[in-house]
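Engineer: Using the hints, build the complex out of the two chains.
Here the protein sequences line up with chains A and B, keeping their order. Heads up: the first sequence begins at 1 in full-length UniProt numbering, then just goes up one per residue. Heads up: the second sequence begins at 1 in full-length UniProt numbering, then just goes up one per residue.
Any given hint could turn out to be false.
[To be verified] Label-pair distances were calculated between CB atoms; the ranges are: (1) B/Asp145 - A/Ile59: 27 to 35 angstroms; (2) B/Glu128 - A/Ser143: 26 to 34 angstroms; (3) A/Ser5 - B/Gly365: 30 to 38 angstroms; (4) B/Met1 - A/Ser5: 51 to 59 angstroms.
Treat the hints as calculated values from the structure; they're not laboratory data. Using N, Cα and C, we set each Cβ at its ideal position, and we do this for glycine too.
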Amino acid sequence: MKSMSLYVDLDTWLTRMHPFTKLCYIATAIAASLIGGKLWVFGVFIGISLGMLVSGKIIKKVFPLIAFSFTILITIFLIHGLFNHENVTLLFAAGPLRFYREGMLYALRISCNVLNMLLAFAVFVLTTRPAELVEDLEQIGFSPKIGYVISSVFQIVPQMSGTMNTILDAQRSRGMETEGSLLTRAKSFLPLISPVVMSSLTNTRERAIALEIRGFEAGEKKTYLRDSSMKTVDRALCVCMVVLLAAAVAVRVML
Amino acid sequence: MSYISVEHLKYRYPNTERLALNDLNFEIEKGEFIGIAGENGSGRSTLCQAFIGLVPGFFKGAYGGRVLIDGTEAGKTPVSRMCRKVGLVFQNPFNQLSGAKETVFEEIAFGLQNFGVPREEMTERVNEVLGLLDIEACRDQNPFDLSGGQMQRVALAGILAMKPDVIVLDEPTSQLDPAGSEEVFAAVDRMTEAGITIIMVEQKLEKLAEYCDRILLLHEGRQIAFDTPERIFSRPDLEDYGVKPPICTRLCRALGVKRADGCYPASHEEVRKLKTQFPEESLFQKKCVPDGKTKGQEACGGEVFQIGHLNFRYQEGTPVLRDVTLSLDSRSTAIVGQNGAGKTTLVKLLKGLLKPVGGSIWYGGEDMAGKTVAMLAGEVGYVFQNPDDQIFKYHVLDEVMFGPLNIGMKKEEAERHAREALKEVGLENLAAENPYDLELSERKLVAIASVLAMDTRVLILDEPTIAQDWKGRQIIGGIIQRLEKQGRTVVAILHDMDFVSEYFRRVIVMARGQVLADGTREAVFSRKEVLEKARIEEPSLMKLCKMLGYEKAYFQLKEGEEV
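With the rest of the complex left out, here is chain B (with noise of 0.2 angstroms):
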């Protein structure tokens, strides 16, 4: 018998009426690596809840069916035992601290403490954790000081030092810049060769087809499929199911390369194998590249921040800003950089939530040293990485309509504004509901519509494809779009390289307070050293193209071609 069975499982929560799952069943052998795929709703969370027991244990609801992990039954055995065998890292890390603990290292040992390990062992854990996940600089750190993605890591280390036979993540990756991510990426997969079974939900579908052996593909609760990454992402009936397939499996399936099997490979390792069937550039050129001139590099629409000789800190001595001299205008704006670069405390400072140590910030002319917040609200909106802090109302339409009312539209003005906001993010069945019902995801939708319906000339957006599925990242693509198309400004935080590379004209890479480098997407990703010392990577087609001998740099395939 395999090590993890589900024998048609089938729950649904209290008080609604839709399964959340609907008859699953699979079977996991020891020290697989499994992916988790499906749009947003799909039931992927729900299903990882289930593999400790806190679907039904904790949330109650209609369960049927078993789980079964090494002869243990998740379903009837309490969390407290449960979670000996299985980690589970949720996904906004924010939740998953103890919220007792005053530093890292004691926050990470929370879990080893419970377990009564001797303490000799559970230093040495601790700092083993530590030095696999990168954060043993903030180790004395207070947990809830650090940046999301700092925060992301040490919620992770707290699992992985607890060693569970079983870990479960839950988008552990989501926060973290693309260095980040792959590394951890690259130790989860280390612990499979000592035996430990991965299962992973993960929206980064690149990364899923490199290190899954096998992808569970769910739909609206059921089992679509359980297969390898070629089998899974070869079908043609994917995106049906709201998922996209990677870019490796898109270019084959556009250029007609398959694998002996039939399947389209789709990770880079199985395109490496099959290079001598590509074609030559300019037939690649022909077949997948969209037409139309990439747009230029030349500034439009004048100024709209001239930020001089900045500086910021939050604590004396640690400075967090140095010298930044920027301009930004009308051009679509991406800024990308590592972890804790500095990224969210330059946007807070375009929005005046910060005052600046040194230097200024011009806003059409004016300084911004003499306004208020509020003031500015109606040219310049902005979006927080963690939609939670913004949300506080009941409803949300009463949560989209806030801003407008504020900047002094009329009642029905804001409700028309509002209406239409909740539409192009696609929510607007969802007005009458209680933001703190819907999903993570769904909330950050309405924090962008909130902002939205302010109709500012200035749109800032922190990390705004967090837990958005393809389709989630098409209507925020779309809105860039549209905006920058009526002359507004965009400017956004993004890990998202493929993201960036596909809607941003201008890219800004922080490194450690300061810019490093600033310029057209061709421009910034083929600049290596920057790359390495901003830990972020080359966009998937960009590194694919490049692997592949081709010359110049692609960043987008014309959609819907098929051979």
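If we strip away everything but chain A, and leave its shape as in the complex, we get (with noise of 0.2 angstroms):
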């Protein structure tokens, strides 16, 4: 079955990491470049994830979120260079373009912040299982209600899915065409719809039985199959993590 989370199946230091010290790691990068206010602050978060994305051995998986951050960037340059109501400087000009300091810069904050994002972000979702951070955001008291509903989404969309390729065999199966051109494809999906829609209803009234009969609301106190807690280094990171952001918080009130 096609796993719908973007998680890479690798056993390396950061899949092993502990969910809530990436967690960190995200309000962190964000925070201190954001309150540090210096480009290269950006710069040296941006540093810091992509050394860890090539040492997670992900770094593949992260070009072509990139490829697609950067069609939307170059519009920023470009609007902001042209545009931006402060600009002043004239940096360059290329034919009857004129670019200017003022509004380059500022598209050049926009883009090391969003990047900085994405990939502090990449480095959590590409490393981390969906089901593991349920459970751990149930152990330190979530309700595993709501943590079944978000886990059971990641099983139960791409088996939705699966549902809809039964169907579509079912109905080429007897005679309905579904292959060849995009119009027959078109419409072989507009009668999908119903009986997609119709048989996770029905199965969403036997799966609150089966829930029921295996004890889900028992009232009891859950385990795990999983130790949670974290680990010394996972604690030293993150209060590290937190020293850094006081002392950012801490420079830039008192310079």
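Structural biologist: Written as structure tokens, this is what we have:
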């Protein structure tokens, strides 16, 4: 079954790191660079994130994300470089297009911010199994019901696409043309919707019974297969990041 | 007082008139193995749900009397409390999965997590049931990726791991290969030694007779009898309740072999004890074997499918079919073999739903590679394993007319075909119903009718006998015989060897993506090494006759013989 999450199943120090530590890193990377305000701070965090992605062997998965974000960033450079209302100092001109220093700097700041967030989140999303995160959240007191809803979405959406393929198979088995031109395929899509929804609804009732008989509402404190407590390294890293944040605030306030 | 007692239990589903359970009274002792027999619609599944309180707790409706389990009243206790005492395994394993776990291991642990079982114990228990049900190999797979039979094992494992005092099983082995269902029976039977009470609904009466202490016979919601297997199956009126006695009982009845208490034996073990009372083979032949020569081995009607060096895989590195070369003609053909052997994959390739990775499939002299599934729909009909995968209309009649309309029949013609097909499967009265409201067994018959109505040259059936009672099996058997007589090709995947030996002329045995044996039932079922490798069993009658020392292989008894 295809997975809906972006998690890459590798055994690296990043996948073994506690999800909370990675969340903590996202917060630090974003907050510290915003508070710090200097462009070089962004550079540092982007560098750290890239380094983590490389050592976590998932840098290749990030390229498409970066490429996609570049298409947006380039338009930001164009718009602000050309039209920002604070534009005074001419930086360079390309034919009739005049790019200004103020607008370009502004665009650079936005770009760094976007790239920083993107990479920090990539570190988290690509190396954390959603189920694991949900379990860890449940263990610190998150409602198991909401937890179930979240993790079941990751299972049930791909399963619905499986149901869709099966029903498609059933329909073409009985003579409905579903292969060929785009129009044929589009036409075959509509009659799919109602049976897929219908069968999902029927399944919901059955699943409610299944949860019930497997003690989901037993009211007991749940136990978990994995030990989710943070390791010393994780704790140390979190403390470091909090200190770093505090330092950033202090520097900003005092200077 | 008994461990479980059911007193004047009555129940009616909301918005219905008929009582689904009508005044049941019986008692069960701790550690007993109880079977529930009866035709479809006799209230067996409803009774299963009453043990855990889903009836009336979840389904509402009118409820009377009471079910006491170890002093707890099931009807008045929330399911969340009852589930500590009583475990229920559904008929359809797909619906039993939690839908939130990514691996089989976590799926089985789900119930234990909810009960707050400590981690070490949880891991230990899950490992134990993985071994017990022989599914260690798929512990890290996604439960939804498993084959029907494997999923059924996972669903069962999820309940066994919770260690309830009472386990209620609703046809737990319907999709398992013969060796697999024997393993499940044996595993469940061992649990009774530890004081666990087992209540099981099952169509395989041979197995019920062998393992059960007592059997509850239901008919239209009423309790007909609750007694030992021998007494139940020796009842002369059994067939009036839609139940066909197991082969042992039928044979003994035909030959007049009785136990000292006047009952006919119901299990192999019992027959063995009375072995000396059975006649010589020649007398047995005269009395019990139907006349008429068995049809031969020769191919007939020309080749329909020509499969050459077929290879297939879903994922790189895990071949599902390996170099299969076969030709299929108009003989009715059964494909048998263990769960996960590649049977469904093979027939999906024949239908064109999958495309070969290597090799070729020719249909009627043309390579199938150049055709779409819809182009062949009027030629090759395919009934899915799970009817829910196939049904998508809101009225039975529309569902059955869908195919005929698509292959170019006029509306009146399509309706005529559809009604004929529904009549043949015995559902003509349900034409206006919504298929989603029907029982699993009826939905399966609707699925068969919807393909029959297309009047195709080839009919492929994927486990047609799932959830069918004796009547349903006879209907399906009748369809196979009619089609064969008309020169159509029937190909079916089956786990029910008795059904195979009764209705099919050619048997193909598959294991691990390859064809192990191919021939008549006589030829195939006599090859012990093949049966073992493919995890299948000899048909019951053949096994029984062998035990009695008869030399030839027999597959059918004369009908209606009484001594």
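Engineer: Does each hint hold? Answer for all of them.
Structural biologist: Evaluation of the provided hints:
1. B/Asp145 - A/Ile59: 27 to 35 angstroms: 29 angstroms, holds
2. B/Glu128 - A/Ser143: 26 to 34 angstroms: 31 angstroms, holds
3. A/Ser5 - B/Gly365: 30 to 38 angstroms: 48 angstroms, violated
4. B/Met1 - A/Ser5: 51 to 59 angstroms: 53 angstroms, holds
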